[in-house]
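Colleague: From the two separate chains plus the hints, produce the assembled complex.
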Amino acid sequence: MTRPVDSPIVVYGSRLLSPYIMLFGLYVIFHGHYSPGGGFQGGTLLAASLLLVRISSGSKIAQIQFSDMFTAPMAVVGVLIYFFTGLIAILAGGQYLNYELLPLGDMHGAELRYWGILFVEVGIGLTVMGILVSLYDNLVIGEDND
Amino acid sequence: MLWSLEIILFIFLLATAIIALEADQLLVAVVVLSVFSFLMALLFTTMGAVDVGFTEAVVGAGVTGILFVVAIHQTQNETRD
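Taken in sequence, the protein lines are chains V and B.
Under my numbering, residues 1 to 146 are what the first sequence spells out, in order.
Under my numbering, residues 1 to 81 are what the second sequence spells out, in order.
Hints are computed from structural coordinates only; laboratory data are not their basis.
A quick note: this is a predicted structure, and the numbers were derived from the prediction, not measured.
Possibly wrong hints are sitting among the right ones.
[Claimed, not checked] Derived Cβ-Cβ restraints for the label pairs, each shown as a range: (1) B:Leu27 to V:Pro36: 29 to 35 Å; (2) V:Leu17 to B:Ile7: 30 to 36 Å; (3) B:Val50 to V:Gly105: 31 to 37 Å; (4) V:Ile141 to B:Leu27: 17 to 23 Å; (5) B:Ile19 to V:Phe84: 45 to 51 Å; (6) B:Thr75 to V:Leu104: 34 to 40 Å; (7) V:Leu135 to B:Asp51: 20 to 26 Å; (8) V:Leu26 to B:Thr64: 19 to 25 Å; (9) V:Gly94 to B:Gln25: 53 to 59 Å.
[Claimed, not checked] Calculated from the model, a selection of chain B residues having no Cβ within reach of chain V, i.e. all distances over 12 Å: (10) Glu6; (11) Ile7; (12) Phe10; (13) Leu13; (14) Ala17; (15) Glu22; (16) Asp24; (17) Thr46; (18) Val50; (19) Val52; (20) Phe54; (21) Val59.
Yeah, the Cβ is synthetic: ideal placement off N, Cα and C, and Gly gets one too.
Excised from the complex, chain B in its bound form (with noise of 0.2 Å):
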């Protein structure tokens, strides 16, 4: 039933994995890690794991971006390799 939007989260979802990869600025790569775990919530909803689906918006897209934010500002922003 709800194939299409699958395919379409998923899409979003590799994309938004390579471009964390590939991101020179370590900030990019975290509010791009944030949007991969909205993307990964909404399609464990879509699967039928609504608590799981909570747990990982909450979690992943809310405190772990914070706690990210603050080790970039006591380290460095770029990265090496």
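Pulled out of the complex, with its shape left as it was, chain V reads as follows (with noise of 0.2 Å):
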């Protein structure tokens, strides 16, 4: 943002409470097949624990939590995941994202579905993590603080 506050308590607090916003969002990505949330809402948690550093103390700081070089590339590997997912099943003779017959040694049945379907949310959390941190960085691009 324009002006980073100089309170350092805003700061440190922002600091403090961006690790945990993050492990909630890890936490609804990977327990999204029993609860409410998945791969949405973990993502959007993931960007927000991001952004809350962006906006209290500054662009250039930031950058060290987390580089803008890397957020469109994390937004492609998260389509890339979820298409190969659905790709693998209908190479392994199925419909697209049948999670029934991937390749995955020898489980089976529900057992594969959990893990197909936790892939496909990984994938979504990443591409919902990516492109909103990206809007943010692509809104305050002119407006390097100095």
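Modeller: Given below as structure tokens:
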């Protein structure tokens, strides 16, 4: 943002809070099949933890936490994870995203569907996190704090 | 069962919506809009749609508030109309 706040309470408070929000986002992604939540909500929480540091201590310091070079490639990696999870199911002889046919060792049935949906949710989470942080970085691109 | 709580939430929802529309400072409107989103999330949860309420709380009260604040900093704070 334009003027990073000089108050150390705001800066250190956001730095203290950011890893815990990130941990809760990971919990929401990896626990999404039993409870409310999933890839989109968890990815948004991950993005919120990065945006909190970005908005409180300025873009320059936030580059140390997560560089804006990595946001768009991470979104692309997430889309590719989703796409290839579905494509492998097609190549194994089923429909798109038919998790029961993923070649994952000797698992089958419910356990295989559990792992398949976990891969897809991780892909969605990475994409949502990358795109939201990239939106913020592109909005503040003209006004670097000096 | 929860009808009294829902009525209180609806009254606050209407109040925040009217304040967000009538505020002169756009920053006030953004903050009140975040409160609106959070009340909306509570209402979704009381209606039984926990997943929708969770999404509304995370996106509406978290990320869009930040993006609106950034957009206001790029333009101007006062409304014209």
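Colleague: Hint numbers the structure violates, sorted upward?
Modeller: Violated: hints 6, 18, 19, 20 and 21.
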